[in-house]
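**Q** Please construct the entire structure, taking both the sequences and the accompanying hints into account.
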Amino acid sequence: MTAVAELELEQILERLPLAVDRVMGESGLWAPELAARALRQARGDIPAAVQLLRAHKQRLPRVAYSAPAQPAELRVTRRISSAFREPPGGQVLGRTMDYVGRLLDLLPEEEGRTLGGQSEYEPPAYGHGHGHGHEEPRRVERTPDNLLAVLRGMGVVDPVPEQAGDPEPFDITRKPVVDDVPRSAWLQLMAKADTGALMHLWYRFFRGGGGHEIPGEIRHGSLPVQVKHPYAEGSVTVAEVRVSEVQTFHSLGRPGELGAGYGLCLGTNDRKAISMAGLDLRLLHHRDDPEVQQEVVSTLDGGDFTGYLQHLKLPHHVEFRSVAERAHTIAERAAGTGRRTEGMT
Amino acid sequence: VGYAGVSGGQEAILAAEDLVRRARYGGSSAWLELDQIIERLPLAVDRVMGEGGLWAPELAARAIRQSQGDPLEAAQLLRAHRSTLPRLGYSEPVGTEDLNETRRIGTIVRTENSAGGELYPELMEERDDRSDDEPFDITRVAARPGAPRSGRLSMLARAETSSMAHLWYATTRKPRWHVPEFPVSLRQGQLPLRFVHPYTGNAVKVAEVDVTEVRTVRGAAVPGEDATKFSSGYGLCFGDNESKALAMAGLDVLVHRDPDTDGLEQQVLMHLDGPDSSGFLEHLKLPHYVDFRSTLERIQAVRDASPAGVR
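For the protein sequence lines, the chains are A and B, in the order given.
Read left to right, the first sequence gives residues 1 to 345 (our numbering).
Read left to right, the second sequence gives residues 346 to 656 (our numbering).
DMTMM-like cross-link-like pairs, simulated, lysine to aspartate or glutamate; straight-line CA separation at most 25 Å:
| no. | chain 1 | residue 1 | chain 2 | residue 2 |
| --- | --- | --- | --- | --- |
| 1 | B | Lys-574 | A | Glu-319 |
| 2 | B | Lys-519 | A | Asp-180 |
| 3 | B | Lys-574 | B | Asp-603 |
| 4 | A | Lys-313 | B | Glu-446 |
| 5 | B | Lys-519 | A | Asp-289 |
| 6 | A | Lys-313 | B | Glu-467 |
| 7 | A | Lys-57 | A | Glu-10 |
| 8 | A | Lys-313 | B | Glu-470 |
| 9 | B | Lys-519 | B | Asp-603 |
| 10 | B | Lys-519 | A | Glu-295 |
| 11 | A | Lys-57 | A | Glu-33 |
| 12 | B | Lys-519 | A | Asp-304 |
| 13 | B | Lys-519 | A | Asp-179 |
| 14 | B | Lys-574 | A | Glu-325 |
| 15 | A | Lys-313 | B | Glu-442 |
| 16 | A | Lys-313 | A | Glu-325 |
| 17 | B | Lys-574 | A | Glu-332 |
| 18 | A | Lys-175 | A | Glu-295 |
Some, not all, of what chain B presents toward chain A, calculated at C-beta under 7 Å:
| no. | residue |
| --- | --- |
| 19 | Ile-358 |
| 20 | Glu-505 |
| 21 | Ala-510 |
| 22 | Ser-622 |
| 23 | Ile-644 |
For the record, the hints were derived by calculation from the structure and aren't laboratory data.
Cβ coordinates follow ideal geometry from the N, Cα and C atoms, glycine included.
**A** Structure representation (structure tokens):
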């Protein structure tokens with residue numbers, strides 16, 4: 001039996017990119033190689049990999065703050081709309097498995113290896129046999145107009161009250177989020193939330209009734225990270241990060257109102273961006289409901305709930321003994337006085 | 346597929362598939378071998394097998410590779426594949442006393458070989474589900490509120506790990522639920538899968554599956570409950586997935602204690618299946634042109650009907 005080859009970082013980066021993106025998104029650190037390392041070290045356990053990358057992030061110095069990036073700068077590799085057949089700028093499907101049948105590929109390994117061994121893989125030309133000549137591919141619009149702006153122009157979208165004056169965003173890495181949560185804080189929390197938990201909460205709200213929202217725009221692309229040059233004038237692009245961005249619309253309130261929700265997260269993660277936008281929409285709608293806010297603010301962090309679950313495994317001898325003794329005492333007193341004791345916590 | 350309606354849609358879809366194939370076979374890194382995934386990323390494989398509801402390490406590794414490392418998508422692929430397999434028969438029930446342990450911890454007593462529950466047997470509430478009925482088969486009928494415990498446990502064993510951990514956490518941290526919960530035992534190991542031989546009639550071991558098992562106890566939380574009794578909860582899932590087994594046992598006992606508060610039983614049965622929630626979410630990406638147009642028209646109509654300045 002031959003030994004199994006070490007898993008190279010490049011293999012993880014190229015072959016399992018969605019796992020890498022998810023780890024980066026949930027840890028809030030754009031660092032593909034480190035995320036791949038974390039995945040390998042955590043033996044494929046995504047929450048554990050996130051924990052490793054977050055711990056690493058804690059040790060890094062905060063060198064500078066980048067300049068705010070505008071969504072208009074997003075150079076799209078994918079841009080679809082479920083709301084409009086032909087949105088301004090067109091639809092670009094990009095690299096997606098949305099339209100591939102959900103069937104497990106049972107291609108023999110030998111053939112896969114052969115295909116994968118070619119340095120430049122050229123997919124076979126797709127003949128779909130309906131015999132028309134192909135038009136020249138249309139030029140792809142890489143920075144299409146923002147659909148929200150179009151809808152705002154039509155005057156059908158509710159204005160977001162908080163946007164007035166473009167306040168400094170809340171920094172969740174510096175300040176704890178307590179109450180009266182600003183939108184910038186809940187958006188950051190959701191961007192770093194566990195994807196499954198976020199989807200679960202979103203799904204629960206949907207199952208609660210009221211119909212579902214419709215994503216006006218789902219985009220993937222790169223955003224430049226710019227910092228002010230310490231010596232020269234102006235700012236320089238020091239990195240590019242890939243993001244998924246969603247703008248979604250739903251009429252939750254009065255029939256004349258169309259609410260808009262926003263989702264943005266690191267990497268390719270449609271599921272997260274869609275859930276986030278849907279929850280943002282609901283948070284805006286339920287602004288006065290602290291319970292909804294609390295749920296979003298305090299339950300979605302993977303590090304939080306995984307950590308709490310894992311701590312259950314630590315010794316609890318003393319705590320259990322005290323709880324058991326209390327139950328004994330209650331039982332004895334109840335027996336002694338012939339009276340059943342009602343529940344105590 | 347919905348996009349076929351858009352001009353050039355079919356071509357766009359084929360081009361999108363090509364991009365996926367290029368990403369899959371192109372690039373400069375070596376082909377990702379199944380045994381690399383199985384041996385180096387075993388926790389990902391275990392999670393996908395659990396959520397897919399199929400013990401098949403090689404197929405799970407394939408699904409992970411095909412889904413580019415997305416565990417939800419991989420579980421969906423495995424679930425879809427599973428539904429194409431013939432059901433050859435039913436294996437024999439297996440008791441977890443047959444577990445070939447590779448790991449065992451307890452959190453409530455220090456001494457070896459004591460599950461702790463035995464220390465205070467008089468504190469344990471008798472759960473009325475000891476009768477060994479035929480288990481509820483969720484692969485044939487979906488478990489809905491009111492379903493027997495076996496149905497609920499089967500749903501939980503297949504549930505999406507993060508969703509389940511989130512539901513457990515969001516529930517247990519609420520003040521009314523907040524009482525200590527103690528995993529009495531957490532075990533990992535192999536369980537034999539036995540099958541009655543069609544000719545000899547003897548049970549033969551045909552496979553072994555790895556499982557994680559948790560037994561947990563918690564006391565009274567809700568006012569009016571009997572504060573002298575602990576209830577127990579049970580979690581068992583494929584592979585090495587301690588978060589899942591812990592959350593499962595926790596939810597089992599929470600639902601048992603009070604299925605109605607927060608509609609917990611309903612949430613457990615209806616909200617935790619990965620292909621369910623993820624499938625619904627993914628459908629939002631398909632064309633909703635007509636729905637959206639009607640929404641816009643309704644809004645315009647309402648606005649047109651309102652007197653100017655009044656909304």
